[in-house]
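**Student:** Spelled out, the chains give:
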Amino acid sequence: MTDLFFELHARSAFSFLEGASTPEELTSVAAELDIPGLAILDRDGVYGAPRFHIAAREAGIRAHIGAEITLQGGARLPVLVENKTGYKNLCRLITTIRMRPGPQRGATEEDLRRFSSGLICLTGDQNGPAAHALRNGFEEALKTVNMLADIFGPDRIYCELQRHFDRDEEYHTQAIAGIAEKLKLPLLASNGACYALASERKLLDILTCVRNRTNLQQAGRLLCRNSERHLKPHRLMEQLFRDYPGAIAATRELSSRLEFTLDDPGYRFPEYPVPAGENMSSYLRKVTEEGARHRYRPFHEKARRQIKRELDLIEKLGMAGYFLIVWDIVNFCREHGILVQGRGSAANSAVCYSLGITAVDPVGMDLLFERFLSEERGEWPDIDLDLPSGEQRERVIKWLYSKYGKSGAAMTANVITYRGRSAAREIGKALGFDLSTLSRLSSLINVWEWKDPKENAARHFADAGLDLKDPRIKEFFQLYQAAQDLPRHLGQHSGGMVICFGQLDSVVPLQPASMPGRVVLQWDKDDCAEMGILKVDLLGLGMMAVLEDTLSIIRSEYGEEVDLAHLPQDDPAVYKGLRQADTIGVFQVESRAQMATLPRIQPGTFYDIVVQVAIIRPGPIVGKMVHPYLKRRQGKEPVEYLHPDLEPVLKRTLGVPLFQEQLLRMAMICAGFSGGEAEELRRAFGFKRSEQRMQHVEKKLRKGMTKRGIVGKQQDRIVQAITSFALYGFPESHAASFALLAYASAYLRCHYPAAFHAALLNNQPMGFYHPATIVKDAQRHGLRFRPIDVSVSDWDCTVESVEDKKSVRLGLRYIKGLREKAARAIVEARQSGPFRSIEEFSRRVPALSKSEIASLAAAGALNFIEGNSPGFTRRDALWQVERLKRPAGELLQNLDDSMAVSPLKSMTEEERINADFHYTDLTIARHPMALRRAELARNGTVRAVDLKSFRNGENVRVAGHVIARQRPGTAKGFVFISLEDETGISNIIITPSLFDRHRSELINNRWLLVDGIVQNADRVISVKATEIGLL
Amino acid sequence: MFCCIYAIDKDNSDYQALVAFASRFSPLVEETGGDSVVLDLEGTELLNGPFTDFPGRITRLAEREGMAVRAAVAANPDAAFHAAHGLPESVFIEPGKEAEYLGDLPVENISHLLADITVERLGEIVGTLNSWGISTFGPLAALPTTGISERLGPEGVRIQQLAKGKTRRSIIVKSTGAVFSLSERLEHPVSSRETLLLVLAGYLEKLTAYLKAHHLAAAGFELETRLADGSTYARKIQFPSPIKEYRTLKKILELEIEGFSPSSPVTWVRLELNPGKTRMIQSGLFTPDTPEPEKTELVLARIGKIVGQGKIGSPEVENSHRPDPVRIKRFDTGSVFRKNRHMDQSPSARKQPATRKLRPPLAVMVWMGENRPIRVQTTDSGIRKGVSGKVLVSAGPWLTSGEWWSKGKWEREEWDLQLSDGTICRVYHDLQSNRWYLDAIYD
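The listed protein sequences correspond, in order, to chains A and G.
Going by the numbering used here, the first residue of the first sequence is number 1, and it counts up by one from there.
Going by the numbering used here, the first residue of the second sequence is number 10001, and it counts up by one from there.
Please note: incorrect hints may appear among the correct ones.
[Claimed, not checked] With a straight-line Cα cutoff of 30 Å, these simulated DSBU-like cross-link-like pairs (lysine-lysine) come out:
| hint | chain 1 | residue 1 | chain 2 | residue 2 |
| --- | --- | --- | --- | --- |
| 1 | G | 10407 | G | 10390 |
| 2 | A | 806 | A | 821 |
| 3 | G | 10295 | A | 885 |
| 4 | G | 10097 | A | 905 |
| 5 | G | 10407 | A | 474 |
| 6 | G | 10164 | A | 850 |
| 7 | G | 10097 | A | 429 |
| 8 | A | 316 | A | 302 |
| 9 | G | 10329 | G | 10251 |
| 10 | G | 10329 | G | 10295 |
| 11 | A | 469 | G | 10409 |
| 12 | G | 10212 | G | 10251 |
| 13 | A | 84 | A | 184 |
| 14 | A | 474 | G | 10236 |
| 15 | G | 10236 | A | 429 |
| 16 | A | 905 | G | 10164 |
| 17 | G | 10251 | G | 10295 |
| 18 | G | 10329 | A | 469 |
| 19 | A | 806 | A | 850 |
[Said to hold, decoys possible] Footprint (simulated), chain G over chain A, 3 or more residues, beta carbon under 8 Å:
| hint | stretch |
| --- | --- |
| 20 | 158-172 |
| 21 | 225-232 |
Everything labelled a hint here was simulated from the structure, so no lab data went into it.
Glycine included, every Cβ here is placed at the ideal spot set by N, Cα and C.
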């Protein structure tokens, strides 16, 4: 065999701004160049290792793991993993230097000695320790290499030679060769590839500018000297190192020594401590049975059978510990009064239901367990827990840290990649564009979900006044495209928590997250899944927090105890509201599109809500399932099945497949797939689809169907239904979990409106609507809101009772710019007695800044202080507050303010509303549109509430405040706008051509006047715009 | 009485022309705000006619001269300023009726310059006024002054006075003596350089004395001449450090015009000294003595005369991978001793033999064999020594490329060669033009 060249010192984009190619790209180019093995050594990390491992496995080349370790002093030491011990040591070495506080972050000699076992080091490139030492002379370099040989062992160090046609580098190369000869160490050639192809040097230059916060013109020698740091095939490397043939041969030799692969990174899930005499499986059986007896009353045979089947499989797969640990987390939440509910496919499991992890009975709902767990899949199931967002979720995370230790638990990372406007800005800046061009370039990036096929790059650029023929603009365009999806930096995933048996930092390096005290691991959730690392998603769900807060308010203000698990089923008021699309603030069914569907579905049962949650999703829309379902639901179309055998599966959804579980069952019935095979099919057509895998599965599907006599067009239709749906389909179990929350929120909104709205306002931002819209909607339903008042308001919105009528007192949190700490100081100061005057208020709450007091005054929050004169207004408060801001000095401060009586005029209603929006973002006064109603009525503008009296096709004019603009990817360029006035919301439909004509007005204005034609079908009213004007 | 003349289209108007226009009506002109001037009209009735008609007349006159202006006459300069800027037409404001005229102007119109506060502070005060519902001068003027003082401080009171149109101040007339310039149409056109120098030396003496009287020195000079045939000759020199000695300045001026041979007699001449602060340096006890900047400047002027302007200075290495990244920077006479620190520390620089760069590089023909140069021959060396011979030893190629984003893009391949004639040299292949050059010879 010839001595092939292995590139053992490459760097990917996971060196964050120091490499310009993804691991996948490097791997694929290496395979094309017949490079049989590649080592990606990213800076202080193995961030890209899982992706590299998988890509290399598919490309058929060897993936060697390693990293460049930053040493104290700044040099970078390349190390390669030889075996499992080496991998553990590498992870712990990186963790050690990453977690070390202070500016001196690099590895010390002691760190290297501690973690050197199983690692092989190279002397490095121009940034390596040898090159650094060489600046102080040959002897220093010799000493450094000798020290490395002493740390790693003389047979575990290679003197690295790189040649990039650089005269300066050649001096270094000769010196290293001299050192190797003197110390009798082997030479090893590498090209230190930072990008896969020579053309990518430009991108690296740009990234260098971003890293150094400069631009190309100023960057000077920070940029590459030439374009030679790309992957080079054996032939070129052999020519380059003709004088050192051994250096090429050594790459093969070293590659053969590196036996470690990421097939098993060494992760073990922690064991759950069980009582004496039990093992994890037996204990799981025991607690599941206890739970099942509580959940299933009676504990019927069907449930027993399902639970036994699941437990048998869990035991067989050795996953009992996992279920017990999740059960443990749920128990912790329950014990501490934290709402928790499992979401996603876990709701398919009767064991999860019995353990209290999920709230939906999968047996009762006939859900498919295989969607959650199957023997064939051979991977951990996904259990995601929804928790109230904010502090409660933090409590759970902190508890897990304390339980499993800092090196036993960590959050998964979220790799932030170059995308959209941020990419455009950074590349534009590096190219030295001025600010106005930069903003024009950023504006080119389409924020709409819908991409108009006519809107190609040239048109976008021309629209922004930029000429694609200009070389710099052209360069920008090409670089912008090349940078898409390149990793930029590491963030923290919102909820993915990994826990490990033993040291998690031996499996993957850990590093501090930006949140103090939080540790993040170097892989994202997909990488963790690929590497067999189990994560529990602790997701903060705003609605969970709303529900929890609502229950707490009900307890304190109504003296009632509401149990979400035992809400009255089929509450007529809840379903009436749903049928009328009266759902602002209701979980999952409040969006414009949901509201347009609710009157058509006319929900009457819980399962209707499950369908409602799932139907406005890309899957049913792209798969063209929405309209057939709605027509069948309304009796306008007969219920038919793709095949008679599919009736049991599709009956609940009137013959239209809406859920992922249904497509799995369809494959099981039509093609004889097992549950696991069906799940494999779903995954093959899912997000990470590969052509080859899809073809293979489709072939198998067709074969199975043919065997069962399903052939021809019928087969095609079923295959089409299954495959098109796999990509976006929504799991029925997940929809059911969400439907429970939707029902609960609708119930509380309906029966405890004050408590629900107070909680909803305390958990903003969330959902589809701005607080101003939520308040206006609640007011239309008769709920009273009370203004912010420093004498009464807490930080949060609260519920007050006046003559048995509940109202919501707005909280201080709604004063813009008021810090929570300052607001809490107001509440605390109030405990010692009411405020007597604004001046006394200001003295008693010294934590308030001048601007905060002014904002309180302008928002009317100081109007009700006891000592204020009758008819005291915001302007009076502002007049007084301004004097407080200028202390009179000790001598004069106790003198009466001769000018305390304000000479200012009171605010008009319009001014008050403006001030409300300016200082609190909402108003409890009249809607601004009400002020102009008389004038609008004169020009024929009708109110939203009056639209229902118009016949389909009638011309109409409406006006209002734009509260939502959408251009969904599935709507062929149509734009949907929600206009709010004092009576409600009008839904406006804008055709693509009208949008093109009024693009600027529609995007940049918040108050619109719309002429159009009423569309009134199936109790859903909208206005198809024909002309757009400004108010 | 005062008149403010405001250039309506300030972006397209020549401010100096406006100042010159205003100066025709009063010797006391204040340049206010970059877009207007304020004139003190006291005692100009005979010249300008009745003040009541003055604003209209001024506007018409300016229009005739191609300037769009608005004018306002009032009893104080600030009221005139605000009226000219804010009111729709030119106006005469009767004394005592300022508040009446200004009442509807938005408070945003108040000039921060007249209020003597920063734009940011004015913005804050206007924000407060707006929150009080005060949006125009009138309601602001009506507020109790004590209340304003307690809340907005003296700045607020000043602003209120401006809103009332009741301020009192004198206009600030720009001193004309600040320009150290002399120009003259020569009574007898000068044909010889020597005579011209005599004229200029006289100017220089006066200007230097003038500068000295202002405790200033010359940071540079501008010389401008017009010749009888309509042509002009101009020189502009900036010194690294200001010079106050007449003799030194005269010598530098003499050297500068030495190369000037007038093609026809000089009819007009202007000499202007740019003022700079006099040099006051207390050298450190251990700082080595440097030559006097005046003398160094003189020497530089002498050398520059010989080698040509722009060819004298200190070489400066540019921050670029571009080959030969050196530019000539004018000597900074104050920091000659700091320069030695910036030496090329690259390994190759330490190991390289002395290199004689050829500037510009010499075109050569290079024959290649097995991807390496095998023979080199100078095509046309002119007066310079060329090279020719077989390549005995070669090292390379060394590749550099850069500035791919601009027209300055370069890409080249360098070789170090030992030739059969004994020369060790560096040649490069310019990949953009596909030409070979002899770049340097190693000693």
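**Student:** Is the Cα-Cα distance between residue 10329 of chain G and residue 469 of chain A 30 Å or less?
**Tutor:** 36 Å, violated
**Student:** Run the distance test for residue 474 of chain A versus residue 10236 of chain G: straight-line Cα separation, threshold 30 Å.
**Tutor:** 41 Å, violated
**Student:** Sort out whether residue 429 of chain A lies within 30 Å of residue 10236 of chain G, counting only the CA atoms.
**Tutor:** Cα-Cα ~37 Å, so violated.
**Student:** Has the given pair, residue 10097 of chain G with residue 905 of chain A, been kept, meaning a C-alpha gap of at most 30 Å?
**Tutor:** Since the Cα atoms of residue 10097 of chain G and residue 905 of chain A sit roughly 25 Å apart, the hinted pair holds (cutoff 30 Å).
**Student:** Taking 30 Å as the top limit, are the C-alpha atoms of residue 10407 of chain G and residue 474 of chain A close enough?
**Tutor:** With Cα atoms ~14 Å apart, residue 10407 of chain G and residue 474 of chain A stay inside 30 Å; holds.
**Student:** Could you grab the alpha-carbon distance between residue 10164 of chain G and residue 850 of chain A and see if it respects the 30 Å cut-off?
**Tutor:** Holds, at about 28 Å.
**Student:** Against the 30 Å threshold, does the CA-CA distance of residue 84 of chain A and residue 184 of chain A hold or violate the hint?
**Tutor:** The given pair, whose Cα atoms are some 28 Å apart, holds under the 30 Å limit.
**Student:** With a cut-off of 30 Å on the C-alpha distance, tell me whether residue 316 of chain A and residue 302 of chain A pass.
**Tutor:** Holds. Residue 316 of chain A to residue 302 of chain A sits at ~21 Å (cutoff 30 Å).
**Student:** Residue 10329 of chain G and residue 10251 of chain G were given as a pair; does the straight-line alpha-carbon distance stay at or below 30 Å?
**Tutor:** 23 Å, holds
**Student:** Sort out whether residue 10409 of chain G lies within 30 Å of residue 469 of chain A, counting only the CA atoms.
**Tutor:** 18 Å, holds
**Student:** Sort out whether residue 429 of chain A lies within 30 Å of residue 10097 of chain G, counting only the CA atoms.
**Tutor:** It is violated: about 55 Å lies between the C-alpha atoms, which goes past 30 Å.
**Student:** Hey, residue 806 of chain A versus residue 821 of chain A, does the alpha-carbon distance stay inside 30 Å?
**Tutor:** Judged against 30 Å, a Cα distance of about 28 Å means the pair holds.
Against the hints set out earlier in the document, violations occur for numbers 1, 3, 7, 14, 15, 18 and 19.
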